[in-house]
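Protein chains: 2
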Amino acid sequence: MTNDPRIDGERLSRRLAELARHGALPGGGVCRLALTDEDKAGRDQVVRWMRELGLTVTVDGIGNAVGIRKGQEDGPPVMVGSHIDTVRTGGPYDGNLGVMAGLEVVAALNDAKVVTRRPLAVAFFTNEEGSRFQPDMMGSLVYAGALPLERALATVGIDGTTVRENLARIGYAGDGPLGGPGKVHAYVELHVEQGPVLEEEGFTIGAVEGVQGISWTELTLTGQSNHAGTTPMRLRHDAGYVAAEIAVFARRLARELGGHQVATVGALTLFPNLVNVVANRVVMTVDLRNTDEARLQEAERRLFAFVEETAAAEGVKVARRSLARFKPVAFAPALVARVEAIAKELRLSVKRLPSGAGHDAQILAAVCPACMIFVPSVKGVSHNVEEFTKPADLAAGAEVLLRLVLELAR
Amino acid sequence: MTNDPRIDGERLSRRLAELARHGALPGGGVCRLALTDEDKAGRDQVVRWMRELGLTVTVDGIGNAVGIRKGQEDGPPVMVGSHIDTVRTGGPYDGNLGVMAGLEVVAALNDAKVVTRRPLAVAFFTNEEGSRFQPDMMGSLVYAGALPLERALATVGIDGTTVRENLARIGYAGDGPLGGPGKVHAYVELHVEQGPVLEEEGFTIGAVEGVQGISWTELTLTGQSNHAGTTPMRLRHDAGYVAAEIAVFARRLARELGGHQVATVGALTLFPNLVNVVANRVVMTVDLRNTDEARLQEAERRLFAFVEETAAAEGVKVARRSLARFKPVAFAPALVARVEAIAKELRLSVKRLPSGAGHDAQILAAVCPACMIFVPSVKGVSHNVEEFTKPADLAAGAEVLLRLVLELAR
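Residue numbers (UniProt numbering), protein chains in the order written: chain A, 1 to 410; chain B, 1 to 410.
Just so you know, the hints here were simulated from the structure itself, not pulled from any lab data.
A few of these clues could be false.
One copy or two, it doesn't matter: identical chains are merged, so the pair holds either way.
Unchecked claim - Derived lysine to any residue pairs resembling SDA-like cross-links, with alpha carbons at most 20 Å apart:
1) K351 <-> K390
2) K351 <-> P232
3) K183 <-> L149
4) K351 <-> D159
5) K317 <-> V248
6) K327 <-> D136
7) K390 <-> V378
8) K317 <-> K379
9) K327 <-> A366
10) K40 <-> T56
11) K70 <-> R295
12) K70 <-> G145
13) K351 <-> M233
14) K344 <-> E407
15) K379 <-> S225
16) K183 <-> R302
17) K390 <-> G9
18) K390 <-> E200
19) K379 <-> M233
20) K379 <-> P232
Chain A on its own, in the form it takes in the complex:
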């Protein structure tokens, strides 16, 4: 007979805190950029824990580490995971939670002497953040076969060194197997929300329906530099004014379109940027996101039409450049439904919502059924040393993860 496996919330929090000591920043928070010495120290710690828990660890060519727990049968494992690299001023939860919760699931099963039918895998993927090497989600992209290994290895980072030489330097250029179709039975990632919705609305668990599609556009507006005193309004070609109209329109678009549409003008630079000179040039970005691809395309169409029309009326020229474009990703509906149901069985309040940020799970979703579980981020703070999630919520999320893994591995 086996006991009913249970998450030990204190053990989970303890592991998160210990991991956060590698790359800890003086005033709080963590800096563990991908493939740095700090990342190596974090990796070594996690691999040590994996082995202590009895997992068989393999490292593949891009440095992803996968710890396998044998099942009663062979075959593709049920995988849980995330990443342990951070942004330059990160916190202890983003990514790390998914990996530490995976270890906690294994520890709980070990304690309860449960052997699942299918094997389990706990994975951490290389360079999810993309702070040092582009693109982000590099490890999972290579794992899922969406990015050639050789191209990823040749990537030059912000410090001029390559992924290849850094993997070799820290000893994480392995020869373990990559993933791909048929290699993983299902993938589940527990993550902090990185947004304010769950806390604001009083929910403990987010059943993540998918990841918003992203459209990033850079606009360069070219007007004419003129004296702010001597040039009548009707003779102006004010790039700054057109930029302002576009930013106001972006807000209107987000109000009018459905599907969790968000729109943000986060970067906007005026030239020459002087109090008494009409701006002759603006470089600005528009970030559009929607869970629905058709609506995202509608948002783009309406935005671009407004830009052309408003710029033409002012005699300002427009150059447009796509900085990024990803279609929305829908997680496996059956898995999303199980996250919701399990949370309710555990008497945890639960809300279906999309993810506004990118995650390894969206890459894995291309090769196996995948889903995500969110727990609340206090004040929605993310990519910031102030990042915080309550220990009880961390444990609640891990409990949902454990139940789902047990179902999937049964």
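Given chain A, put chain B in place with the hints provided.
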């Protein structure tokens, strides 16, 4: 008997071209920042010309040079003038035209052997541009008693040196008399428009009614930095969005208010200025100008009310700081009318208009009847090496100046 004095346009253009050789920039244009060696060379040249034309030159404590042509009677002179310092990348006309046209008026009177009843004065005022030392219009301010000489002399420039030491170094710390009420009979300044209106509308002469009042406000908007993907629109405190609404409102204000109202958001800086982060801070400026003080105050009231309301609705805080505030200056209506009438007598097309830029004439207007004559700036280009006014227009402006001086000195 005397001949009818006439402007020699070629001689005027020749002097402008010769003066432009001092501080000439390699690719064209002029850099003759106030009180530099280049400024000294330009000053020496102009003083030489003054003396060659028979003027008695005095230099006052702030370096203004005044050349007097005796009249049949003593008493306050009719003064024409402007400045010969330039911005860092200036052209040959801004300021210089008013002084060279003054010399041309004297030359024309000399050729025609005309002695006016009142004395004439040709002046150039120190540091009108304010590019090296603040405030601009420094020389005329001291001359008119609006800025204490000692304070002006103590001014430290962008290179860390004082006005006092530079005046001594270039030999222009004089002891000539300053101006003030009763010291000047009338002041007339010929200047390039520095804006596009005359050329656009096909006029040769501008009868300048006054100088617009100026209100410069700096706004610092403080919101909250948030993830552009994970933060729903309703939970945002987007300083960038509020800034855009303000810039669009400024354009609306300019459309709705009369009195040659212009409104410009020329400087606007977002923080952290990243494509996927909601801006938590914006520093921006609003430049409002109107020829009518009451309307300028209305523009300020409406702008500030809009800023408060829009920021409050978004949960964004506002800090407001005045960077500059000048009331409009009206030139002597009788003189403006004479500029208009003389232009018509000379069969030159003429338009009444305000000046959107500041000029020495607005300072002199506090101590004597003053007015300005504008000639067209091609494409409105100003403070730029591409600055250009057609020779025929330079001569036309000088001809109007000559007729007005003859009337005033009669």
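Evaluated hints:
no.	hint	in the structure
1	K351 <-> K390	within (18 Å within a copy, 72 Å between copies)
2	K351 <-> P232	between (54 Å within a copy, 15 Å between copies)
3	K183 <-> L149	within (17 Å within a copy, 85 Å between copies)
4	K351 <-> D159	neither (41 Å within a copy, 61 Å between copies)
5	K317 <-> V248	both (19 Å within a copy, 18 Å between copies)
6	K327 <-> D136	within (16 Å within a copy, 55 Å between copies)
7	K390 <-> V378	within (8 Å within a copy, 67 Å between copies)
8	K317 <-> K379	between (40 Å within a copy, 18 Å between copies)
9	K327 <-> A366	within (12 Å within a copy, 67 Å between copies)
10	K40 <-> T56	within (19 Å within a copy, 83 Å between copies)
11	K70 <-> R295	neither (44 Å within a copy, 81 Å between copies)
12	K70 <-> G145	neither (25 Å within a copy, 93 Å between copies)
13	K351 <-> M233	between (50 Å within a copy, 18 Å between copies)
14	K344 <-> E407	within (15 Å within a copy, 95 Å between copies)
15	K379 <-> S225	between (42 Å within a copy, 11 Å between copies)
16	K183 <-> R302	neither (42 Å within a copy, 65 Å between copies)
17	K390 <-> G9	within (11 Å within a copy, 82 Å between copies)
18	K390 <-> E200	within (14 Å within a copy, 66 Å between copies)
19	K379 <-> M233	between (43 Å within a copy, 15 Å between copies)
20	K379 <-> P232	between (46 Å within a copy, 13 Å between copies)
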